[in-house]
Structure formats: structure tokens, C-alpha cells
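All chains should be modelled from the sequences, with the hints used to inform the complete structure.
Chains A and B supply the protein sequences, listed in that same order.
Position 64 of the first sequence, counting from 1, maps to 64 under the numbering used here, and the rest follow consecutively.
The numbering used here runs 340 ahead of the 1-based position in the second sequence.
One or more hints might be untrue.
[As the list claims (entries may be wrong)] In silico BS3-like pairs for lysine-lysine, Cα to Cα no more than 30 Å straight-line:
no., chain 1, residue 1, chain 2, residue 2
1, B, K366, B, K382
2, B, K382, B, K564
3, A, K336, B, K412
4, B, K467, A, K304
5, A, K158, B, K580
6, A, K244, B, K467
7, A, K12, A, K72
8, A, K158, B, K581
9, A, K241, B, K498
10, A, K280, B, K620
11, A, K158, A, K127
12, B, K584, A, K158
13, A, K224, A, K280
14, A, K42, A, K224
15, B, K676, A, K42
16, B, K467, A, K240
17, A, K137, A, K72
18, B, K498, A, K240
19, B, K498, A, K244
Worth flagging that the hints you see were computed from the coordinates, not collected in a lab.
There are 2 protein chains.
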Amino acid sequence: MAELLINSQAFKHNLNLISTHLKSQKNLALVLKDNAYGHGLKEMAGLARENGIESVFVKNEFEALQICHYFKHITAFYGEVSQDAPSNIYQCVQTLDTLGSITPTRGFELEVNCGMNRNGISVDCLKDAFTIIAKRKLNLIGVFTHNGFGDEGGEDLKRQESNSERIRQEVVSLCTSHNLPLPRFHASNSSGTFRQESCNDIVRIGLAGYGYLCAEIDNPPPLKPIASLWADRICSHTLKKGEKIGYGGVWQMQEDRVVSSYDLGYGDGLFRIHEHTHGKLLCDEGEQILPRMSMDCFSTLSEKERICLFRDVRGWARFFDTIPYEILTKLSPFIKKRVL
Amino acid sequence: MAELLINSQAFKHNLNLISTHLKSQKNLALVLKDNAYGHGLKEMAGLARENGIESVFVKNEFEALQICHYFKHITAFYGEVSQDAPSNIYQCVQTLDTLGSITPTRGFELEVNCGMNRNGISVDCLKDAFTIIAKRKLNLIGVFTHNGFGDEGGEDLKRQESNSERIRQEVVSLCTSHNLPLPRFHASNSSGTFRQESCNDIVRIGLAGYGYLCAEIDNPPPLKPIASLWADRICSHTLKKGEKIGYGGVWQMQEDRVVSSYDLGYGDGLFRIHEHTHGKLLCDEGEQILPRMSMDCFSTLSEKERICLFRDVRGWARFFDTIPYEILTKLSPFIKKRVL
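Next comes the structure, spelled out in C-alpha cells:
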């Protein structure tokens, strides 16, 4: 049965690199959203806890509930958190309306738009937000921003960083004037973390924990991809030159050879290789995935019992003109995980 | 919260069309594999049962176990079925080796390669297969083939159809000579079913049940897509001309307008729209999904509380140069389903 193997030592190595850069692990919060970027929410939560992580970020309450006993602080980025959910699950608030309706005891983190113009209240609303927070005696845990240029750098990155710093200062000043305890503050993702020399805030480590960094930065840290994807052989056929394989028979044998089918397909979240796909997509040891891929299997000119599709998704991401995140998060949560 | 709405009346309509074509419903078996092609395994199993379906096909034992109380016959296409699994779950056998090792009491269906050269034993092995089946007193439930040209038609389709007929005749003859009861036989998928005038075998209805047919056939049946995908607004911003949105700020406002973010992204299985994506991808009512899509949200120039991404995935399939199956099966199983 196909498996995603998780290398726990590579994960530890990545966390150590990040902690060393931060000069401490206490501010390292891990992003486990979208099934831990396809790596398996529970498996990665288990490893994160073993490695001393206390704060994590997930997609929504559904994910948070699955790991609520693992961590001190769990923030659900999207959607509401139910009244009866454990108190260590925090909701994210992106509008003033939500500040007006959230249960006062529910811990929450306020997202402020620093220029990405996607989620969060605008800077202009901060004053009103804190008036509501103070008046309704809300349980403000954190304030955060998200920089839309972490991977690109340049002037936009700096502008959003300086907006973020301005937001933080305003939050400090508003807390003082309302006599509120200071919330935690976070703004940096993986690339932001490695761009800065030190950080007193929490950093939200996503991709770097899993072994990748999409940003072009000086002296990139030697992160190690932690997941490799494996498929098992279903069966083999010895075919003659000219025989066709799969849907539409678009692959035709160039010579007499053995072909085998393996138990992963586009229904497992892989991009569907077909005859219009430019170039050859190769498995980790060079076997070509023959077009067309089926929903639950693919064929290749191999007799191996087990084949490794990738140990590093960057090749696949380049091939499909996308980013490692997309290849990883599309992996079906039902692919078996095994932690080594 | 984003939802996939399932139209139970459209599903009933599709099943009725298929039954009318078959002149009976008794041979209609439904394919529920890969989370019912992304529609939700349990939801679709419930609807299928309500509509009197008795035989279904799923991906593997993991899927079969979730719906084992719903149907008389459940066939898992891939992988082994455990010894302690309920007896109405059948394993598929694609090699002679598996025939030698499968638990004799476990019901199974034998796949025979009719020329797709993907899965199944070769025709040449049929005799050996039945020798093992008879000798080990195996519990043979069915024999099936899969035509790789159902959507393309042409000479290859006919050749595989005639191979399939030859396999059936050989199975009948082998059963007679080994004094074995005749197994059920199945070869047709959705397009094969509508191509033929009648069928005494079981037909495996996949895509047509969900409202689509990829094949070009004369007088296509008026199937109705049963799923529509909806996202909810996270928040809105009034932006000025020139302001940028999202990662890398690749979308720049052409005029002062309101932009909103909605709670679906490529981490939910949508294809990631980005600046290299050719053309504009539109929601059902014409709103453009602005590049770049994020993992958990996308932005569009709208203020709607709820937006419909599609009611018919064929547009998205054409846009991404793929087939409806891929768009559907990639939808995250964690998107909430609601049956209407």
C-alpha cells in the first residue's frame, strides 16, 4: 500500500536549525494547517510535541479538535470555534463584526491587514477594535499580520514589514490606554524568520519545518525535506513493441519491455500526467510516469516492488509550474503515513 | 464555512436515466471510489442506498469499511481486504500470486486485462487462474475487465470489447469444466453503458451517476451534475486603484473597488490560480478568481456573503486542460457536504 514516509530525524534537524537561528525554541510556533501541509496532522502533531513545540496553527476547528491534547496553544486560522471547544483552541478574528459577536471567554487572535489585502481588519479599524475588546472584556490572546511578500522580498516586503511594526506599536499603545494585558504578536513565516537576525515575537514556521524554503535568501539554511512518497506495484505485463497502455492508449511501447502499475494516481492528489503534459515526469530514481495516469494508479517501465515518487517535491513543483506547498497539500489525507 | 452541496434529485434523475437505458436497475452498480469522486463517500452511499443500489465499488478496504452496512456487495478495487473484514467486502485480484495467497473464504473479483495493459491478469493466465481457484476452493464472486477506450471509441474500443467478450466465454467454459458456479461479469463503465443497447451484466456506473459523461456518443443522455461548490466570505476591503492583493501582489487594482476573500483555496484541492495561469478562471456567476490563490482562500472583486465556484465542473476541467474526474477527486474530503 502506498505510503508517505516521514523522516523524524530530518524534522528534528529542521527545528534545530530554526531554533539556532532564533537563538531559542520558545518562540517557534509550527503551522500544521491543511493536514500539516499534506504530511499528516496527527503524525506531525505527535512529532512536534515530542520536539517541545507548544504553539501551533491549524486551518480550522475541525483540525484543532483532533490535536487539542497535544499543545498548550492551538490557533484555528479560519472559521468559528464552537462554544464548547477546549479553551486552548483560539479563533482568528478578521472583522469588527466578529469582535462584536464572539463569545467573550473564547481566546482569539486578531488578524490585521498589513498590505496583503487578503484577510484581517484594516489598520484604520484598530482603535475601534480595541474599544470593542475592552468594552466586551474579550479574551485577546494575540495580534498578527501576514506579509504577502515573504518569498519575493523587495520594496513591498519592507513596506509590509514596516506596516506590521506600526501595527504592533499601535497595539501596545491601545493596550496601555485600555489597561489591557499585552497580547502575543506574530508576523513572520518561514522565510521572514530566516530573513531577520533575531525575533522577540512568535514566528509561524510552516514550510521550513517540512524542509523547504521558497524564498531566495542569502545563505539559505540546509533544511532537509522530511517526506518521501512511495507506491507499491499492483501488477506487471510483458508487452511487445507497439502495444498501448492505459486510457486512450496514448503511451505506445517503443520496444518489448515489462510495464508495471503502481497504486497511486490523481485521485490520491497527484497531478494527472496526460498526453498534453509537457516533458517527462520522473520518479525519484528516474522512472517515467507514463501518460495517462489513472485515478488510482500509474504505469511505468519498471518491475520494482516499490517505487519512490519523490524525496524532494521541488522537482515536481517546477515541473507543474507551481510551488512545493501545492504538491504537498494536494496529497490525499488518506495516503498512509509512517514515521521513521 | 465552504460547502459542497449535493442535489439528491439530480442524482435520482441520473440513476433513473441509466436504469431506463438498461431497462432495469438491478444491474446498476455504483462506483463510490475516491470519496465518491470527491462528492463524499458516506453522503453518496446514503443516497445510493435510498435509491435501491445494492452493489458498489470503492477504492480500498478503508473506504469499504466506512459503508459496509449500506450495501449487499462492496468491491474494493485496490489492496488487500483483511481477514476480519465483513464478508460483503470483496477484494480484487490482479495477479496469480494473489490467487495463491488470498484467504479462501474471502469473496473476490478477478480482474482480467482486455488490452488496457494496466491492471489484471493476462488472458493467457485464465486457465491457470481457474486451476488455482478450483484447487483452493476460492470464493470467486466476479470477473471483470476495464476498457481503456470508453471515452475515445474507435477501433481500440471495439478490439477491447471483443477481447472482453472472449474472456467472458472462456470464463464460462472454465467454470463448466471445473464445475464452479458462474461468477458475475462486468466490463462497462458509464460511457460503455450508454454505448450499448442493452446489458445482461452488471455495469459500473461512475461519472454518469454524478452527472457527467466524458465520451462523445450519439444522443447523449441529459444527465445533471449533482454537486455545486460554495465558499463563504472571510472579509472585505475597499482598495484604491494600484493597490496589490495577495502573495507577490501580482494582482493590482485597476480601479477603486471592494475586494473580498473567500474560504476555499488550493489546500482544499482547487487548482492554484497564479500569474502564469492562462486566461481568467471565473466563478459560476462570472466573478474572476484573482491570482494568486492562497492555500485556504482566494480573493475576488465581490461583496457576496457566499459565492458559487461551480455547478458544473466541465468549465474548470477545460480551463485546466484536464477531465472532470480530476477536478472532482481533488476536492478535499474535509470540505463540508450537505445533501439537499
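Going through the hints against the structure:
no.	hint	in the structure
1	B:K366 / B:K382	holds, 22 Å
2	B:K382 / B:K564	holds, 21 Å
3	A:K336 / B:K412	holds, 28 Å
4	B:K467 / A:K304	holds, 27 Å
5	A:K158 / B:K580	holds, 20 Å
6	A:K244 / B:K467	holds, 24 Å
7	A:K12 / A:K72	holds, 20 Å
8	A:K158 / B:K581	holds, 21 Å
9	A:K241 / B:K498	holds, 21 Å
10	A:K280 / B:K620	holds, 27 Å
11	A:K158 / A:K127	holds, 24 Å
12	B:K584 / A:K158	holds, 14 Å
13	A:K224 / A:K280	holds, 25 Å
14	A:K42 / A:K224	holds, 21 Å
15	B:K676 / A:K42	holds, 20 Å
16	B:K467 / A:K240	holds, 22 Å
17	A:K137 / A:K72	holds, 22 Å
18	B:K498 / A:K240	holds, 20 Å
19	B:K498 / A:K244	holds, 14 Å
In this structure, none of the earlier numbered hints is contradicted; all agree with it.
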